[in-house]
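Engineer: The hints should help you fit chain Y onto chain H, whose structure is shown.
Order-wise, the sequence lines are chains H and Y.
Count the first sequence with the working numbering and you get residues 1 to 489, in order.
Count the second sequence with the working numbering and you get residues 1 to 489, in order.
Treat the hints with care, since some could be wrong.
Because identical chains cannot be distinguished in the list, a pair is counted as satisfied if it fits within a single copy or across any two copies.
What the hints assert, rightly or not - Below, in silico cross-link-like pairs of lysine-lysine (BS3-like), each with a Cα-Cα straight-line distance of 25 Å or less: (1) 343 with 426; (2) 28 with 203; (3) 203 with 323; (4) 455 with 318.
No lab work stands behind these hints: they were computed from the structure.
Computed from a predicted model, the values in this text were never measured in an experiment.
Number of protein chains: 2
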Amino acid sequence: MAEKTRRPRAETPKGFRDYFGAEVTERKRMLDQIAAVYHRYGFDPLETSAVETVEALGKFLPDVDRPNEGVFAWADEDQDWLALRYDLTAPLARVAAQYRNDLPSPYRRYAMGPVWRNEKPGPGRFRQFYQCDADTVGSASVAADAEICAMLADALEEVGIPRGDYVVKVNNRKILNGVMEVAGLAGDDKEVERGIVLRAIDKIDRLGVEGVRALLGEGRKDESGDFTKGAGLSAEQADVVIGFTTARRDSGVATCARLRALVGASVTGADGVDELEAIAALLAAQGYGPDRIVIDPGVVRGLGYYTGPVYEAELTFKILDEKGRPRNFGSVAGGGRYDGLVKRFTGQDVPATGVSIGVDRLLAALRAKGRVAGSSQGPVVVTVMDRDRMADYMAMVGELRQAGIRAEVYLGNPKNFGNQLKYADKRASPIAVIQGGTEAAAGKVILKDLILGAKIAESATLEEWKDRPAQVEVPRADLAAAVRKMLGQ
Amino acid sequence: MAEKTRRPRAETPKGFRDYFGAEVTERKRMLDQIAAVYHRYGFDPLETSAVETVEALGKFLPDVDRPNEGVFAWADEDQDWLALRYDLTAPLARVAAQYRNDLPSPYRRYAMGPVWRNEKPGPGRFRQFYQCDADTVGSASVAADAEICAMLADALEEVGIPRGDYVVKVNNRKILNGVMEVAGLAGDDKEVERGIVLRAIDKIDRLGVEGVRALLGEGRKDESGDFTKGAGLSAEQADVVIGFTTARRDSGVATCARLRALVGASVTGADGVDELEAIAALLAAQGYGPDRIVIDPGVVRGLGYYTGPVYEAELTFKILDEKGRPRNFGSVAGGGRYDGLVKRFTGQDVPATGVSIGVDRLLAALRAKGRVAGSSQGPVVVTVMDRDRMADYMAMVGELRQAGIRAEVYLGNPKNFGNQLKYADKRASPIAVIQGGTEAAAGKVILKDLILGAKIAESATLEEWKDRPAQVEVPRADLAAAVRKMLGQ
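Next comes chain H alone, as it looks inside the complex (with noise of 0.2 Å):
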């Protein structure tokens, strides 16, 4: 009987949490913005539900980094495994295979949605996030690739970061495969050894070259003395790597010939720098200089199903991090080129290529500009003086909402009045309306600036306030526009 009548805890389980008001429409408003963006490239709509079967999603697990990150999966009554999907790309893969018959080919889709990962919560870090991708699936043609890149940096300008403040960089996978080559790291047998590679070449802006030197060699002790072991290389074997890393020149033609040269023995690595100048000159071509997008051989993007052209957009500016430290904010989105992951489910090479938005980073980014949008005001409240005449405070705030106003009458126990204006205040409230018997009776309303009061009450130099009322009276009759009016609409 003890257990029955226990109450449940009132929590969001470990690792969720909630969004209220501003964080949910600044949110919205962004991803409209984005959606915009993808529709006017040609992109359709896709919206796969949030369950999917374990088979379906198989084991391309997100990070290469994290492999003990796994997803929330159950058993189902009759039949499959279930699962939550943890990204947006294995379900558009799914769905392309599912609908090969019926989809127009090349397939242009975004997607935007949560998506949940059973990996252990840390701050700022939660098991539910919002993706928003946008990819093409049945073009092997570069200018898939290329065309995504430009989106990308029209989308992160529609949203409000500026010109100069963001760079999309690409790259290509199969530069870096023929660097293996290069550097006698091609066999089935080295797999280890590339993993380690590949790490550590992604670490190159925060260890710098010597760091990454040594966990290309014999490995490398951090700060804390922690000792990560390396991938064993020559010091030859070393500068192959090396050179890539530092490979980028001022400008993409140059980084291109530079990469010929260090790569160009390989029939892949020559490969990936055609496709890396092609890229190039389809973007020049639509204007899309490197003040937006640059080719970096920095860019390796953790996901082992990448198979050509890689890219990630970075934002520039920087932030002070916890400690008031400036810092690069970084990057915000990326994406690629993936062969393979329709053909899991057809067995048919089907070419693919896209990107995922971090939408929570790129919407910390915006606040920190102090330019995100979609923030409102709170309602006008309607304060009730007396609970009898309910109908007319109703009648009031219908009228206020059939003139666009925002607008609410306050539902709670309307006895103590300062109360009333404690919740005018908690709902960020421009106005409150108030009418008492003597109001009433002469057909008059009271209007209460609550912003100018705040300034008011917040300013050392009273005077500059004087002539400006923060109360007026006004007749029922001009209501709405008197608040429109205080609005300032």
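Structural biologist: Just chain Y now, with coordinates in the frame of chain H:
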């Protein structure tokens, strides 16, 4: 090894589905319109995660008529059982308890998103579907119920259901409880009978008075010969219930008078009639007359947790069913007052009332009425006549997009030009842009009006199209302007 190389099936899990293109944008547009109304009424958005602890969801499964339906649940690694939410009300109750010291009170919130039910899928019945709720937590006033009813009417009109094509019906569970008292069914030992009576009342529209009377008495055999056991009421008891179900009169005032005559002897029943009268008066003061909102004793609402006013929006126009017979479209939204859900967590009474709109049914209604918005035109398709000049084609498509025109370049294999036009057709493209070597040399492009072309192809009288060429040649420099003109922009 054979196991390892078996291909996964490309299938949505049973009972789930994918939404493509216009299916996504039409629903989004409808939800945006509803959100705008909720916003105007002062409601704030709340987005909780899809996942809750089973403990927090509790045993309030949604529908007493389908007790076997359940949730998708799994055991978390180190702690609780987790589950996908089955509605948006249970998470709200959890939030209202968890943040009770921080939220404004009363707390008006709206929420939109998918919910999940682990039930047997059927035709048109899916295991993931959208809900769109608005609730006021912390107000015991019937003004809160009246406000939700008015807002529901506004929301229906906003999305495109004209006045006269819908009605919001209001009733009160207290009156039902009064009926039970008067009929001698109030005791704890009568729960089964009360359940049968409630379900019988709910079927009055379908079964008529005699059908309901049979269910109140011994039981009823339907056309298929299936027998449903009745509540076993005496003729006198059944008269009270039948009197209630037929209590609706031409005006709310007359209906309330009739209800008072029936259940006035019960304190609870009389209280319920008082509340209904108050709601009607509050709505009348805002101009919501019986053309929009009516008192209707026929409304029961299946959910067990309702404690006061209940309401339901019904569409009053007819649609043709699968056999071509005209049928009432029926209910698209419903809700009521539930004062016990937050108490589960806190032990304290927290009054609450709210509505849930059945998103898919409402969208189906709009489609049936031809009033759905949010569909969009396919993109202008720039075809590829010469694959070496892809940069030129991408420049064209870039110009079109910069002019705000939805446009894409054909990214498939360009060898077969017929395939490109088939693709444009599949994309519902209004215009194909064509530039071969001859046109390029002359500084021209060809615009093919695909909509006009399709009309000409269909038309019996070719004459009328004669002077409207479906294909024009324009200077390359005029591309965007000429496309805009052909689009009628």
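Engineer: Now look at each hint and say whether the structure bears it out.
Structural biologist: Right, here's what the structure says about each hint:
1. In this homomeric assembly, residue 343 and residue 426 come within 25 Å of each other (Cα to Cα) only across copies, at 24 Å, whereas the closest approach inside a single copy is 55 Å.
2. Taking the shortest Cα distances, residue 28 and residue 203 never come within 25 Å of each other, neither inside one copy (33 Å) nor across copies (41 Å).
3. Taking CA atoms no more than 25 Å apart as the test, residue 203 paired with residue 323 passes inside one copy only; the shortest distance there is 22 Å, against 66 Å between copies.
4. For the homomeric pair residue 455 and residue 318, neither the shortest alpha-carbon distance inside one copy (33 Å) nor that between copies (57 Å) is at most 25 Å.
Violated hints for the displayed structure, listed by number in ascending order: 2 and 4.
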